[in-house]
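The listed protein sequences derive, respectively, from chains A and B.
According to the working numbering, the first sequence is numbered sequentially starting from 1.
According to the working numbering, the second sequence is numbered sequentially starting from 1.
Honestly, I wouldn't trust all of these hints.
[Said to hold, decoys possible] Here are a few chain A residues that sit away from chain B, every Cβ distance over 10 Å (derived from the structure):
1. V28
2. R37
3. R54
4. G108
5. S142
[Said to hold, decoys possible] Estimated spans, in silico, between C-beta atoms of each pair:
6. A111/B x L170/A: 30 to 38 Å
7. G277/A x A241/B: 46 to 54 Å
8. K222/A x A77/B: 28 to 36 Å
9. P19/A x P65/B: 36 to 44 Å
10. R289/B x M239/A: 34 to 42 Å
11. T231/A x P240/B: 30 to 38 Å
12. D268/B x P120/A: 21 to 29 Å
13. G123/B x P255/A: 26 to 34 Å
14. K222/B x L124/A: 26 to 34 Å
No wet-lab data here; the hints were simulated from the structure.
Where is the CB? At the ideal position from N, CA and C, for every residue including glycine.
Number of protein chains: 2
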Amino acid sequence: MRNLAAVALLLALTAAAPPKKLTPTDAVNAAPAGAWRTIPAEDLLVMTLDGGARVIIQLAPAFAPVHVANIRKFAAANYWQGAAVYRVQDNYVAQWGINEAKRALSAGAVAKPPAEYVRPARGLAFTPLGSPDPYAKSVGFSRGWPVALYRNGSASLTHCYGTVGVGRDLHPDTGTGGELYAAIGHAPRQLDRNIAIVGRVISGIEQLSALPRGSEAMGFYKEGSVAKAITGIALASAMPAAQRPSFQYLDTASPSFARYLRIRKNRDDDFYRVAAGGADLCNVPVPVRPTPGR
Amino acid sequence: MRNLAAVALLLALTAAAPPKKLTPTDAVNAAPAGAWRTIPAEDLLVMTLDGGARVIIQLAPAFAPVHVANIRKFAAANYWQGAAVYRVQDNYVAQWGINEAKRALSAGAVAKPPAEYVRPARGLAFTPLGSPDPYAKSVGFSRGWPVALYRNGSASLTHCYGTVGVGRDLHPDTGTGGELYAAIGHAPRQLDRNIAIVGRVISGIEQLSALPRGSEAMGFYKEGSVAKAITGIALASAMPAAQRPSFQYLDTASPSFARYLRIRKNRDDDFYRVAAGGADLCNVPVPVRPTPGR
Numbered sequence: 001m002r003n004l005a006a007v008a009l010l011l012a013l014t015a016a017a018p019p020k021k022l023t024p025t026d027a028v029n030a031a032p033a034g035a036w037r038t039i040p041a042e043d044l045l046v047m048t049l050d051g052g053a054r055v056i057i058q059l060a061p062a063f064a065p066v067h068v069a070n071i072r073k074f075a076a077a078n079y080w081q082g083a084a085v086y087r088v089q090d091n092y093v094a095q096w097g098i099n100e101a102k103r104a105l106s107a108g109a110v111a112k113p114p115a116e117y118v119r120p121a122r123g124l125a126f127t128p129l130g131s132p133d134p135y136a137k138s139v140g141f142s143r144g145w146p147v148a149l150y151r152n153g154s155a156s157l158t159h160c161y162g163t164v165g166v167g168r169d170l171h172p173d174t175g176t177g178g179e180l181y182a183a184i185g186h187a188p189r190q191l192d193r194n195i196a197i198v199g200r201v202i203s204g205i206e207q208l209s210a211l212p213r214g215s216e217a218m219g220f221y222k223e224g225s226v227a228k229a230i231t232g233i234a235l236a237s238a239m240p241a242a243q244r245p246s247f248q249y250l251d252t253a254s255p256s257f258a259r260y261l262r263i264r265k266n267r268d269d270d271f272y273r274v275a276a277g278g279a280d281l282c283n284v285p286v287p288v289r290p291t292p293g294r
Numbered sequence: 001m002r003n004l005a006a007v008a009l010l011l012a013l014t015a016a017a018p019p020k021k022l023t024p025t026d027a028v029n030a031a032p033a034g035a036w037r038t039i040p041a042e043d044l045l046v047m048t049l050d051g052g053a054r055v056i057i058q059l060a061p062a063f064a065p066v067h068v069a070n071i072r073k074f075a076a077a078n079y080w081q082g083a084a085v086y087r088v089q090d091n092y093v094a095q096w097g098i099n100e101a102k103r104a105l106s107a108g109a110v111a112k113p114p115a116e117y118v119r120p121a122r123g124l125a126f127t128p129l130g131s132p133d134p135y136a137k138s139v140g141f142s143r144g145w146p147v148a149l150y151r152n153g154s155a156s157l158t159h160c161y162g163t164v165g166v167g168r169d170l171h172p173d174t175g176t177g178g179e180l181y182a183a184i185g186h187a188p189r190q191l192d193r194n195i196a197i198v199g200r201v202i203s204g205i206e207q208l209s210a211l212p213r214g215s216e217a218m219g220f221y222k223e224g225s226v227a228k229a230i231t232g233i234a235l236a237s238a239m240p241a242a243q244r245p246s247f248q249y250l251d252t253a254s255p256s257f258a259r260y261l262r263i264r265k266n267r268d269d270d271f272y273r274v275a276a277g278g279a280d281l282c283n284v285p286v287p288v289r290p291t292p293g294r
């Protein structure tokens with residue numbers, strides 16, 4: 001069987017051996033402990049699917065504080081009891097939750113959250129991607145998140161593979177957060193600034209992306225059937241310590257990330273013939289790992 | 001259940017009703033018969049999976065003529081007998097075929113094809129996308145294909161969702177075409193100019209993208225197991241007329257495509273609040289449909 005990506009070669013360690021060209025993974029593996037940031041447990045949403053597989057989502061309270069507060073309240077109040085993945089549309093989204101019209105809102109949750117689609121760019125840490133973007137004035141990274149800056153001074157998170165957003169009806173409805181989706185195909189960037197992004201899947205996206213596609217329009221499942229039942233959704237901070245996951249992301253302001261970015265934009269390891277000299281924002285996923293030693 | 005995409009609204013047909021904003025699908029549905037081009041049957045590769053589902057691939061002889069000629073010979077000679085999908089890597093590729101090292105090359109096939117990764121841009125029809133691209137000087141469409149133009153006068157097909165390429169070992173190997181992959185995640189554009197693109201899946205990509213991911217490194221299946229057996233791979237031109245599929249693509253030089261492109265770049269139908277004002281090449285999939293009346 002042939003490998004598409006670079007194969008680790010055992011180079012003879014002689015004086016004549018050329019230096020090995022680094023892969024993005026090499027750069028990530030070489031990052032020191034101090035370049036990693038632990039994600040707070042209250043920002044980790046743990047969704048357990050029928051059969052026990054977990055999907056772990058990092059929440060983004062700095063971008064959608066009201067929606068994220070709702071999601072935390074829903075998790076605490078067991079709002080999602082009986083929830084399911086009920087839509088899987090190929091090259092677009094997997095969507096899950098509970099029918100908001102049929103479930104009473106949890107105490108303290110906001111019924112009509114504001115349109116948290118953008119926030120001011122001012123005050124946002126920003127590491128530029130350094131490649132042009134079709135959707136924004138500039139794109140890059142802010143505290144571990146892919147972000148876009150617009151000409152009017154606003155900023156947004158961007159839809160990349162695994163991005164989690166809030167299902168809604170037609171504008172100006174914004175959704176409560178009771179129905180969520182994850183992008184499972186090519187980044188649907190046209191949704192940026194049009195929907196509340198509340199986080200991203202950092203572990204277990206394949207539990208959603210490999211589900212059978214729904215047979216109805218837009219990938220919905222037939223009434224009365226679902227792609228997968230959800231047996232629990234909880235914040236890591238509310239879980240017993242022994243079951244609580246912990247993850248870290250590579251600090252996007254660190255020299256290690258800068259090196260990773262440079263290599264992603266200029267792949268020249270043994271598999272490659274031509275280095276691209278640039279990259280699409282969503283082709284530079286922010287490295288995430290389980291916290292070592294836990 | 002809430003819908004992410006625009007919902008068809010029944011607007012009251014009164015004098016006061018505002019004009020309905022068009023969706024990309026509206027533009028495609030409005031294209032006249034003359035804007036559609038029928039794909040030649042010798043350019044359609046029909047892969048049948050265990051269970052009977054079909055994956056249909058449009059071949060690209062104008063970009064990788066030697067590899068495509070090999071693929072046609074393999075199909076005619078039943079080279080792929082016993083083939084399987086043996087690699088499914090999340091957000092990257094599904095890969096299939098037969099171990100080239102263990103199967104004698106079909107008569108007339110080329111053992112070491114040239115690096116058909118680029119071709120001269122000169123002579124290529126070209127409709128520009130009109131948005132910046134991180135990987136190329138300019139990107140757009142040529143006779144139904146997404147293409148990139150580079151500063152040195154070369155052009156390539158681009159890796160988008162569903163793009164089919166030739167698995168290979170390390171450069172300068174190019175692969176024979178006996179092992180193929182399809183992109184099933186965010187477009188891996190860094191592979192452009194580094195691998196032979198031979199076509200794209202135009203029907204049935206979900207038969208590959210929803211397969212369980214392989215458990216081994218890079219999504220490979222464990223030795224002795226496969227994601228899915230392949231029961232047949234044939235050119236449509238070699239199939240009995242009654243079983244032969246037929247597809248058309250929207251002429252990318254037509255006014256209908258120009259309108260579709262403009263709407264994709266400026267979604268302003270009822271779901272949207274802000275029109276993007278641009279699009280990523282791979283977010284403008286070339287419309288394809290079964291040939292009407294067949």
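Checked hints:
Separation of V28/A from chain B is adequate, the least Cβ-Cβ distance of about 15 Å exceeding the 10 Å criterion. For R37/A, the requirement that its beta carbon stay farther than 10 Å from each beta carbon of chain B is met, with the minimum near 23 Å. The beta carbon of R54/A sits about 15 Å from the closest Cβ of chain B, which is more than 10 Å, so the claim that it is off the interface holds. The claim that G108/A is not at the interface with chain B holds, since no C-beta of that chain comes within 10 Å of its own (minimum 22 Å).
Chain B leaves S142/A outside its interface by the beta-carbon criterion, the shortest separation being 19 Å against a cut-off of 10 Å. Range check, A111/B to L170/A: Cβ separation about 58 Å, and the 30 to 38 Å hint is violated. Checked against the hint of 46 to 54 Å, the C-beta distance between G277/A and A241/B comes to roughly 48 Å, which is consistent with it. Taking 28 to 36 Å as the suggested C-beta distance range, the pair K222/A and A77/B does not conform, at roughly 43 Å.
Separation of P19/A from P65/B is about 37 Å and conforms to the stated range, judged on CB atoms against 36 to 44 Å. Between R289/B and M239/A the beta carbon distance is about 49 Å. The supplied range of 34 to 42 Å is therefore violated. Our hint of 30 to 38 Å for T231/A and P240/B is violated, since their Cβ atoms are close to 49 Å apart. Taking the beta carbon of each, D268/B and P120/A are about 24 Å apart, inside 21 to 29 Å as hinted.
Between G123/B and P255/A the beta carbons are some 46 Å apart, a value that contradicts the proposed interval 26 to 34 Å. Between K222/B and L124/A, the C-beta spacing of about 45 Å breaks the proposed range 26 to 34 Å.
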